Amino acid sequence: DIVLTQSPATLSVTPGESVSLSCRASQGISTSIHWYQQKSNESPRLLIKYASQSISGIPSRFSGSGSGTDFTLSINRVESEDFSVYYCQQSYSLPLTFGSGTKLEIK
Amino acid sequence: EVKLQQSGDELVRPGASVKMSCKASGYTFTDYAMHWVKQSPGQGLEWIGTIIPLIDTTSYNQKFKGKATLTADKSSNTAYMELSRLTSEDSAVYYCARESRGVMDAWGQGASVTVSS
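Read top to bottom, the protein sequences are chains W and U. Just so we're aligned: 1 in our numbering is position 1 of the first sequence, and the numbers increase by one with no gaps anywhere. If you count the second sequence from 1, you need to add 107 to reach our numbering.
Excised from the complex, chain W in its bound form (with noise of 0.2 Å):
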């Protein structure tokens, strides 16, 4: 099975801070991970495809990279509804895989 390592497990930010949320796994591929967001009680959403594509109605802030095995959600200046749990999610082969989560806080 592919193991998502996700780091850190808690960010804690002002809002208005720009942050990277790191994924990492245990074998390359390629692109196929993906992010999504998960606020208190709610259902995850999902915030950006493929590594890097990103998804109809989710705000430009949001941004993915990276490519192999290290990957990078980017929010460019936080905002208060951003404060929530991050999962990363693997395609590339089963068992479909998640990351244990990145909790954004407010310092």
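One thing to keep in mind: the hints can contain errors.
[As the list claims (entries may be wrong)] DEER-style ranges, computed between Cβ atoms:
| hint | chain 1 | residue 1 | chain 2 | residue 2 | range |
| --- | --- | --- | --- | --- | --- |
| 1 | W | SER93 | U | THR137 | 22 to 28 Å |
| 2 | W | SER20 | U | SER182 | 46 to 52 Å |
| 3 | U | THR221 | W | SER65 | 39 to 45 Å |
| 4 | U | LEU118 | W | SER67 | 41 to 47 Å |
| 5 | W | SER18 | U | SER224 | 46 to 52 Å |
These are calculated hints, taken from the structure and not from any lab test. For clarity, every value in this text was computed on a predicted model and none was experimentally measured. Quick reminder that beta carbons are idealized off the backbone N, C-alpha and C, glycines included.
Fit chain U to the known structure of chain W by using the hints.
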């Protein structure tokens, strides 16, 4: 608008089974696979398996083989997941999610299962 409406929360006894549903609307049900994902309390996301309704083909995470059974009813645009021989480890929120070209692009609201005597 794509919508996945899941059945309600369940309280079940240890050793029992539970079957939950996920009714799809706003798109052609047979054009997309449906995934099921588990989220244990305070934990991350775990893929259970997927079903392709058009051809009734399933794929399971080895961890959930024998635990979860996925089915789909094309006549009612509904996917189902049955969990058997429930234990406290099965207490979790379960999500259905539509797959579009390898990506889970729409999610149900989740259904909570609590296993308790």
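Quick rundown of the hints versus the structure:
Checked against the hint of 22 to 28 Å, the pair SER93 of chain W and THR137 of chain U passes, with Cβ atoms roughly 25 Å apart. Remark: the range hint 46 to 52 Å for SER20 of chain W to SER182 of chain U is upheld by a beta-carbon distance near 47 Å. Checked against the hint of 39 to 45 Å, the pair THR221 of chain U and SER65 of chain W passes, with Cβ atoms roughly 40 Å apart. For LEU118 of chain U and SER67 of chain W, the Cβ-Cβ distance of about 45 Å falls inside the hinted range of 41 to 47 Å, so the restraint holds.
Roughly 50 Å separates the CB atoms of SER18 of chain W and SER224 of chain U, a value that falls within the hinted 46 to 52 Å.
The structure meets every hint from the earlier list without exception.
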